[in-house]
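Whole structure, please, built from the sequences with the hints as guidance.
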Amino acid sequence: MPEGELREVNVQRLGPQERHALLQRLAWVGDDHARFLSKFKDRVDRVGIELPTIEVRYENLNVEAEAYVGSRGLPTILNTYANVLEGLANTLHITPNRKQKISILHNVSGIIKPHRMTLLLGPPGAGKTTLLLALAGNVPSGLKVSGQITYNGHTMDEFEPRRSAAYVSQHDLHMGELTVRETVNFSAKCQGIGHRYDLLMELSRREKEENIKPDPEVDIYLKAAATGEQKAEVVTNHILKVLGLDICADTIVGNNMLRGISGGQKKRVTTAEMIVTPGRALFMDEISTGLDSSTTYNIVDSIRQTIHIVGGTAVIALLQPAPETYELFDDIILLSDGQVVYNGPREHNSSSVQPVVSVERTVFYRERAAHMYSPLPYALGQVAIELPYILVQSLIYGVLVYAMIGFEWTAAKFFWYLFFMYFTLSYYTFYGMMSVGLTPSYNVASVVSTAFYAIWNLFSGFIIPRTRIPIWWRWYYWVCPVAWTLYGLVTSQFGDVTDTFDNGVRISDFVESYFGYHRDFLWVVAVMVVSFAVLFAFLFGLSIKIFNFQKR
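Heads up, the sequence shown is in my numbering, so the first residue is 1 and it goes up one at a time.
Be a bit skeptical, because a hint or two may be false.
As the list claims (entries may be wrong) - Listed below are the simulated BS3-like cross-link pairs for lysine-lysine, each with C-alpha atoms no more than 30 Å apart in a straight line:
1) Lys208 / Lys39
2) Lys213 / Lys39
3) Lys101 / Lys144
4) Lys189 / Lys113
5) Lys113 / Lys39
6) Lys113 / Lys41
7) Lys208 / Lys41
8) Lys213 / Lys41
9) Lys144 / Lys113
10) Lys41 / Lys189
11) Lys39 / Lys189
12) Lys99 / Lys144
Unchecked claim - The following label-pair restraints were derived from C-beta to C-beta distances:
13) Val444 / Leu78: 37 to 45 Å
14) Tyr514 / Ile396: 30 to 38 Å
15) Asn107 / Val447: 12 to 20 Å
16) Pro465 / Ser531: 21 to 29 Å
17) Ile405 / Leu535: 24 to 32 Å
These are computed hints drawn from the structure, not numbers from a lab. For each residue, glycine too, the CB sits at the ideal point set by N, CA and C.
In structure tokens form, the structure reads like this:
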């Protein structure tokens, strides 16, 4: 902002030169997106305005298509004319319909919450595009949809979903003769300013009532974006800056006959066309195609700032996001063969890691067949990327639980507690990955692993101590990973405590007589817990190398 005395102006009555100067002064909004959003949120919070949010729920959602299969489904000239003639005959009820029903989405359910970024993962053909189209209310007329989709409890026949949601296609279809700025500006003008004008009026009214002087930088942007002839251009310039399109704003988009912007820039134009709209729910399909990992990260991070600060809703489908991009998301939806195999928080444990590995294994089969890399580096990468997440979980969980239980605060005992927590979470995670590697699908892996988890808990020595397990079943106690974890935790915390119970028995003696735990065996226990994590990780890598459950 230039120095000098501020004056109040009517943005609806600005001349061409003043309008240009106004747009120049608003350039900081795109340069510091997070700062603008934070200032805006502080302003509405100060007067008690609650920004609208959208929670999307889908329940028992099914999508079916009718199509020819086999040689009849090939896009030949003969088939094209035959399909047209047969379609006409079907309409006149002369011949029966020989198309077959194909299930694209089968009985999927889930919740997409506001203020959270949701990542949609799945191999090609899993149904990601169809799910996004259904949630955005843009399903093609040729598809049959059943089930229920609600926005804040309202079904889609109660409102116009396209005014509340925006779908960003994976296909870049534009008018090649228009510039980037003209393309995005046209989209902004056609789709309107939505709730921005009503919000501005209510915000101004409350500030006047409470005698609050608004932040001049935010105030001038909001008024310029909601009123006056330049409102669409203001929002357009902001979005172009955020998406890094300002450098090619006046270049034509181009097509096969006209040379224009690059493929990656076209992908960002496709994204800009839809996020310039007033919709509060974004459904974005493969927006990283043609973009490098750094650009993808910056775009997703800008969207994340908007979602987290002002409370939007976003579902973004990405095929293989980079680790730093993956960490920007709060929730994930995993699709496989038209079914949701996981819908929940991004954080991993032994159960949630299975659908992730199952989906990524499908991609691995394809890339291994193309001789891109061998199974060993893939398996090592899958194992290594889990270790930092497990460490963070162990530290957060360990500190909180250790304090809540009231264990003795000594360096040695706290170290042992974190040690056993870290490697216990490790072997649970790697066991989940191993079970996927050894079975043909996530569903089978889930059933198998769940059964073993129940057996582990039964023979862990907690429900029935080792000294009371029948001798012919005691062998399973020694091969049960949870038994060694419990051995280590109890022994490290209570194995040297000399305090006595009311009956005069020392705690350390009770631990030894009742559980059969020995303090001097602690280092052996530590080695065993680490060994289970290494063993399951090794078996995961071996299963990936030996088995191939790819459907042909």
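_Unsatisfied constraints (hint numbers, rising)_ = none
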